[in-house]
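A.B. asks: Given next are the chains, with one letter for each unit.
Protein chains: 2
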Amino acid sequence: MSNRISQLFNIQYPIVSGGMVWCSGSRLASAVSNAGGLGLLGAGSMHYSVLAEHIAKCKAATDKPFGVNVPLLYPEIDKIMHLIVESGVKIVFTSAGNPATWTSFLKEHGITVVHVVSNTKFACKAAEAGVDAIVAEGFEAGGHNGREETTTMALIPHVRKVVDIPLIAAGGIASGQAMLAALALGAEGVQIGSLFAATEESSAHQAFKERIVQAKEGDTMLMMKKTVPVRLLKGAFFELIKEAEARGADANELKEILGKGRAKQGIFDGDMDAGELEIGQVSAVIDAIRPVAEVMTQLIQEFETARESIVHGFR
Amino acid sequence: MSNRISQLFNIQYPIVSGGMVWCSGSRLASAVSNAGGLGLLGAGSMHYSVLAEHIAKCKAATDKPFGVNVPLLYPEIDKIMHLIVESGVKIVFTSAGNPATWTSFLKEHGITVVHVVSNTKFACKAAEAGVDAIVAEGFEAGGHNGREETTTMALIPHVRKVVDIPLIAAGGIASGQAMLAALALGAEGVQIGSLFAATEESSAHQAFKERIVQAKEGDTMLMMKKTVPVRLLKGAFFELIKEAEARGADANELKEILGKGRAKQGIFDGDMDAGELEIGQVSAVIDAIRPVAEVMTQLIQEFETARESIVHGFR
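Residue numbers (the working numbering), protein chains in the order written: chain A, 1 to 315; chain B, 1 to 315.
None of these hints come from the bench; they were simulated from the model.
There are no misleading hints in this set.
For chains that are exact copies, the list does not tell them apart, and a pair is met inside one copy or across any two.
Quick list of in silico lysine-lysine cross-link-like pairs, DSS-like style, CA-CA up to 30 Å:
hint, residue 1, residue 2
1, Lys234, Lys161
2, Lys216, Lys125
3, Lys234, Lys125
4, Lys216, Lys161
5, Lys90, Lys125
6, Lys121, Lys216
7, Lys255, Lys79
8, Lys242, Lys255
9, Lys234, Lys255
10, Lys225, Lys121
11, Lys121, Lys107
12, Lys79, Lys264
13, Lys125, Lys225
14, Lys216, Lys242
Isolated chain A, as found in the complex (with noise of 0.2 Å):
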C-alpha cells in the first residue's frame, strides 16, 4: 500500500493514530507503528516530564516510526520542542496554532512536520509554511474542531483542489470501507481517533472505553460553539452545558462551567458524569474494545474488499 503517506513515514499503511489527550501515551502509540501504520503521542495531555517518559517508552516498545502530536497553543511549548528535537523524534503533527511559528524549525532538526487543519485557509497557510503534509480533519471528528463545521466528505475534495502537498483525511472514519472512502475524496492516508480510543492499548479508563461502545447514533454533539467547539459524548457535563447554551450563556459563563481539568477526569479518571468526554461520531459505530493488532487487520480487509467491489463494478 505504497503511497506518497506510508513514503513520507516510512510506513506500511497510510493510517495513523490520532494523538489524542488521555489516550495516546505509549502503549497505543507503539502498538499502532507495531502494526504497520503511524503512532502518534499526544502531548497535549502530558507535562513535559511525562512526555520525555513516553517518548523513552515508545522506543523501547518499537523499532518503527512513530510520532508526536503538539499542540501549539500548550504553555510549555518550548521546552517541549525542544525536548522533541533532543529526544531524536522524527515525526511531529502539530494542531491548534500557527504552522509558521515552529515549521522551520523543526525541519532544520530533521523532523518530518505535519499539520492539523479543518479548513482551506490554514490548509493553504500550512503548506506555505513548509510542512510535509496536512491532516484535514472533519466535523464529525471527536474533540476540538472547526468553527465552519465542514464535513470531511465536503472538507476533503476541497482541501485536494488548493494544496499539492500529501493529504490525511480524519474525521468519521473507523473501517476500511471509509478508509477507502477517503482515499477516493483525494486523501492519501486517514486519521483514526475513537477507534483507537476504544482499544486496549489507549490510556482512556476502562469506564470511558465502555462508554464509546455504548454510544449511540446521535450521541455526540458539537458544543461551546461560542468558545473553543468540541464535540463531546451526552451526559451529566454534557446536559450542563446542553442547558446553558439553550438559555443563552455567553463564552465567559462556558468557560467557568468547563472549568479545569475535566477531559482528565473523564477520559483517564472514568468520571462519566462530571468529566468531558471527546468522542467523534463514529463512537456509534464502534461494538468492542479490542486489540490493536486485531483493529489494524480488519481495517486493512475492510479496505482491500471494499477496493475489490469498486474494482470488478458494483454489487
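Place chain B on chain A using the hints.
C.D. replies: This is chain B only, laid out in the frame that chain A set:
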C-alpha cells in the same frame, strides 16, 4: 455503470437529482433524466395544480424515467398521492414523515418507492415499510436535516450495516470523487442537490444561483435546531436567526421570525436578504452556473478517473 440502483430505476448512471423546493421543476428533472440520471420533481413547493403541470411537462420533455419527491407532511398529501398515481408517475421519493403511511398504497399502484432518512432508526422503519430503496442524507446536506447531525461519512456505513436494500447517499456530494467515496462507504447511488440547484435548468432565481457560486467555506450552517433543523446560507435572514439563537430564543420565537414563504422569497423570488436560502456545504466548491448535461459529463469523468486511481494503486 449497472448496479441495484441503476437497475431499480432503469437509468444509465446511479445519480439522482434531489427534489428540492423551488429548484426542482420539470426543466431540471427532465434534463437530469435525459442525461442518464434520475430527475426528481420537488412537490414540496408545488400546489396540486402546479405539480400536475410539471408532471405533464416532464413527460413531454423526456421519455426517460423521472420521479417526484413528496414530503409526507404536505397538507394536501391525499390529493397529491392520487394525482401521482393517476398521472402515471412510476417513481416516488418520500421524506419528512412516516414511511409506513403511504408506501403500501404507492406500491399497490406499481410505483417504486424510496424514502429519505437521516438516521438508522428510520432506515430500518423504511425497510420494514417495504420501500424499494433508501436515501441516507448527512449533516452537510442543504435544507432540512436530521437532529443527530450525523455526517455522510459516518451515516452511510452505519445504515449499510443495518439494512440490505439499495442505498443512495446524499449530503456533501458535488464531484465524481465524492460519488466514488459514497460507493466505497456502501451506497449504490448518490442523490445530489446543491450542484443541480445551481444549474441553468434549475428553477431557482438567478440571484440565488449566483450566491451559491459565491459561497465560501463556512457560509452555510445548520440553524433552527430548536424547531426543525435546516442548513442555511448566510445572509440577512440567517443573521436574524443566529442572533435570536445566541440569546436563547425558544422554538415559538424562531417560528415567528421564520414566518411563512421565506424559502420561496429567497430561492425563487431572489430576495437574498429576507429570503431563507437553503443549500449544502458543497456550495463552497461550486464555482459556476452550468447546464445539467455538462455537470453530468464531468461527474462521470471525475468518477472514472478517481476509480482508475483507486484501481491502479495510489498516486
